[in-house]
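Given chain Y, put chains U, C and B in place with the hints provided.
Residue numbers (the numbering used here), protein chains in the order written: chain Y, 36 to 367; chain U, 36 to 367; chain C, 36 to 367; chain B, 36 to 367.
Just so you know, the hints here were simulated from the structure itself, not pulled from any lab data. A few of these clues could be false.
What the hints assert, rightly or not - Derived DSS-like pairs (lysine-lysine); straight-line CA-CA distance at most 30 angstroms: (1) C:K283 with U:K258; (2) U:K74 with Y:K258; (3) B:K283 with U:K258.
Number of protein chains: 4
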Amino acid sequence: MKIGVIGYGYWGPNVVRNLTSLEDSHVLLIADVCPHAQKRAQKAYPGIKVTPNSSDVILSSEIDAVAVITPVWTHYELAKAALENGKHVFVEKPFTSNTAQGEKLINLAQQKNLKIMVDHTFLFTGAVRKISQLLDEGAIGKVYYYDSTRVNLGLFQHDINVLWDLAPHDLSIMDYLIKAEPEAIVATGQNHLNGHEDVAYLTLYYPEKIIAHVNVNWLSPVKVRTTLIGGEKRMLVWNDLEADEKVKIYDKGVKITNQAGVYELLVNYRSGDMLAPHLEQGEALRQELSYFYNCISNGQEPFNDGCAGLRVVKILEAASESLKKRGSLVYL
Amino acid sequence: MKIGVIGYGYWGPNVVRNLTSLEDSHVLLIADVCPHAQKRAQKAYPGIKVTPNSSDVILSSEIDAVAVITPVWTHYELAKAALENGKHVFVEKPFTSNTAQGEKLINLAQQKNLKIMVDHTFLFTGAVRKISQLLDEGAIGKVYYYDSTRVNLGLFQHDINVLWDLAPHDLSIMDYLIKAEPEAIVATGQNHLNGHEDVAYLTLYYPEKIIAHVNVNWLSPVKVRTTLIGGEKRMLVWNDLEADEKVKIYDKGVKITNQAGVYELLVNYRSGDMLAPHLEQGEALRQELSYFYNCISNGQEPFNDGCAGLRVVKILEAASESLKKRGSLVYL
Amino acid sequence: MKIGVIGYGYWGPNVVRNLTSLEDSHVLLIADVCPHAQKRAQKAYPGIKVTPNSSDVILSSEIDAVAVITPVWTHYELAKAALENGKHVFVEKPFTSNTAQGEKLINLAQQKNLKIMVDHTFLFTGAVRKISQLLDEGAIGKVYYYDSTRVNLGLFQHDINVLWDLAPHDLSIMDYLIKAEPEAIVATGQNHLNGHEDVAYLTLYYPEKIIAHVNVNWLSPVKVRTTLIGGEKRMLVWNDLEADEKVKIYDKGVKITNQAGVYELLVNYRSGDMLAPHLEQGEALRQELSYFYNCISNGQEPFNDGCAGLRVVKILEAASESLKKRGSLVYL
Amino acid sequence: MKIGVIGYGYWGPNVVRNLTSLEDSHVLLIADVCPHAQKRAQKAYPGIKVTPNSSDVILSSEIDAVAVITPVWTHYELAKAALENGKHVFVEKPFTSNTAQGEKLINLAQQKNLKIMVDHTFLFTGAVRKISQLLDEGAIGKVYYYDSTRVNLGLFQHDINVLWDLAPHDLSIMDYLIKAEPEAIVATGQNHLNGHEDVAYLTLYYPEKIIAHVNVNWLSPVKVRTTLIGGEKRMLVWNDLEADEKVKIYDKGVKITNQAGVYELLVNYRSGDMLAPHLEQGEALRQELSYFYNCISNGQEPFNDGCAGLRVVKILEAASESLKKRGSLVYL
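Next comes chain Y alone, as it looks inside the complex (with noise of 0.2 angstroms):
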């Protein structure tokens, strides 16, 4: 398997150091418009060709894969042009700037039978993992609530507000472990520097009473990577910025009885132990990245695939409709 990475930035070095890591893998050429990030990929990679051009790595008769870690405005053209030539495409999050983009490289990759995979690393770490195994074992139950805070200061993309640059993390892991589509969306949320919103809310409405919530902002003094989940047998913290112990699992509960006259009564706290499972270690990166290989090899279809980043991408751009009007309910 041959790959050429377009983008070495803040991202692709990752990308690339993990593809250099895996057995049977050949990042054959790395392309980037920035010299400076031509000169540091040329340094860290003596034995990989660097390009200015990406229509080097996306003309390459040897490559069979292309990982596209550029700017999102960027993704659609350089994917197409890339599907167009054959070539498997591994695409940065979010996967396009609107869904329309998205459907059109989703039916492309169908026509050429070439698989497209978005780049929701989350789903390959360790936490979320064994959330989605608590979830669909039934340790928690029904889920009442999904609620992420996702601050930090900076970093403000230029072309993005921070909607779309922290949320798609939540989304893709909402759509992962909730397995159902929000019905409605609402967010709010305002500028303050560079008319591109840097604190923002979001709230999706699920069926079955489900509410999630997302908050992210880019000028927070501290980082937060909390998510607490909320259901009817068991609730869960996950703290993404601890060592260990990054998932905390609470025997907690509350049960009201509707018995009528012993109105004192009606609400039971059960408060029980908590856990914190042993997580899967090992780079999120690496492990997607290798699935990617796999998928490939196999011809299977990718679960982060075109339409799970394209589910991402909907909401996204419903959350910019409301978010232009502070705040109304969008349907989706």
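This is chains U, C and B only, laid out in the frame that chain Y set:
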């Protein structure tokens, strides 16, 4: 100064304990309809008369002021009767069930030349006083956002939702700190158990691009009481659950230079020292009740008067309206 | 059961508060030499007689038991007088100033058929009970070490050093948990301010290679109450300052295989789940005082009796000897 | 400047990575006896020659300096050979297995006019530099104590105990900060698994009542890297595991007034702000290796020279003696 207390449930005992510890204050009478509460009150304070009838307090000719520490739906009738009988009123938050009630009480107090104080206890904590001082001194600079998370397991109120239960804390603090009224609000949320929302999110748009957000939840496995305030010059985190170092001030910031052409260098982050200032100790409720006495003695209007209480109720009322529509923008 | 309390300084009020809350208990008399303490006691408990003379308590014919909540140098004389006058004794830790005193009190109580209970409050906390249960069940396996850090700013005692002030907590807990007496001890430390050590370190060698260590410090800027217990099967951390999750049990371990020649593979680490068990709630002192009553009623010897108190004093005495020589090994 | 590296186990890769990132430095040769390590080195650095023979490095005529990153029992022979062959030496801590070896190396280097630098990496961290600055400026005042806890699960060294493995960090830091040598030490500890102590405690008595204590443990379920420093004017906590705010300075103190007769008021506590100063970022090892180059270029004696390394070994040697006797006081 002689005082009667109506309501000896969860918060009433704290009010009585602090009132009795103040010099020159005399709690003459405690009223509670619940026999169990009467028994608790009588055991704790053998020297104070306990009654099941709030009218005993309201009609007493010896009493100068009444503390109304009962569920919100009873505030209006009790406070009205107390004012009509010439008593100053200290009333639990939220002030009233709706704005109409609040306005009537304010007018009545004015006619009778009596004081109303709404129990916005947090305004008397060392943390809020310090934050207020920092804002007034300009240490934070222009405020960008106020973001509060106030979640825990229970306590379910039977007559109100989580927004009316927990958000008044934040709304009264914002009212005190931001010194402006919101222009519009959006509230989202969901009920899962008893018909009242147990998870809710509130966004408030203030003038000059200040945005505020409140995350309240009765179904969280962990207790969180954290507020982030971002400003042009500094940012702060107030974690009320910390034993010490509740307020941390970060000398951090972002500046965007509109320097055309040097795209990559536009954003400058500043990261300096963190300071956790020493905060005034002492129980907030005691300070507040002492201030109540002083206001009455000196004929001074408290800053947490009926108007302050009304501003909070006004937002809650608009939030309820927004919440009913699952999150429409409501102008105030 | 009628009781008299001698000493109403820092801890005495907690003893009285809990005694009065127990059913069928009557605090008849509080004695304290300090007029300020007398005033506080009288204000808090208008129904209880207060006296400056401990002999009023000791000689009272109505009183069944005496709680001695005074500085350690007074314990012997007060407890002796109480026992001689036919009273059961509840005495603050450490039991006595030296082992000779402790032995005399134990003998006296035995002759008079009276009970002594030493106030080792921590043994009645949910945390210590749970740890004890885990050790008894074999969940921890063979114990390797017990390591406690108990530091804070102040409180300086005027008559004793930091070892006699803070270490009795750990020594009584170890006595309860390890169920063995140390063979030898080493104590190091330093005084900086008033001639008494304000920083001290204690190592205890127990049979079967169990080692214990206690770090006590009156000059720490932060309060720490953390104990690590390492065992062959599991390890635990008890952080008494955590609101919840005070005890965390780690399914972690190390196994060394004596496989000659395969040097690098000798050490195997095991890293599994972490469990924070739900702990019994309730105030420890209340449980202890209730147990005191039961022991007297049933003629049962408490496990925290004079002998338990004496074992702690024996170690403190040896530690003082070691400390004087700046840390020589002292056999017990 | 051309350098050869002997030892490519756990720490060696970090040394090579930093050396190659420095300008004007050339790693010519990497030696390691282990084939697996050779393979790792060759894969990571295709441009650097790798050899199983340390003598290839030592005898190379092209090489100016040798980095000895091997187990401690090999340091003396390798460093001696390197010095005899005219190479400057950068050697992993602890410097040597005993003081005699250390003295011989120092003398040899002096005769040959070569530099020895002992890898006391922590001295180049932003945290230690800041603490050093605070002490030098007098911000802490007279030091009372230095108390370090450095515990985790593993890594077991096969040739040395936990004291020789972990305590050199603290001993080198104390040497740098306290600027005095201890007068006497006491070491206690216990082995549980392989004959080497896996739990150990070290008390150091310095002049002027400064006391230091080091708690090292290979069998802790949690990783702790916390140092408390108490001084007359301020106190600080250095938690090296914090992402930010590693060093917290507390404006806290205690003053004892020898005012006869007013016993209760003798102790005054002062509690003020806490400051977490911004620390210099950057990898400590890179700074240290850059300093190594500068020292050689300029003929400057590094502060972490052989003498600094020897002072640490001297304490370790005395600690071993004390430990053998289960904790006797050993004068230095």
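Okay, the hints, checked on the actual structure:
The suggested pairing of C:K283 with U:K258 holds, with an alpha-carbon distance near 19 angstroms, which does not exceed 30 angstroms. Restraint check: the Cα-Cα separation between U:K74 and Y:K258 comes to about 49 angstroms, which exceeds 30 angstroms; the hinted pair is violated. Between the alpha carbons of B:K283 and U:K258 the distance comes to roughly 26 angstroms, so the proposed pair stays at or under 30 angstroms and holds.
Hint compliance for this structure: hint 2 is the single one not met.
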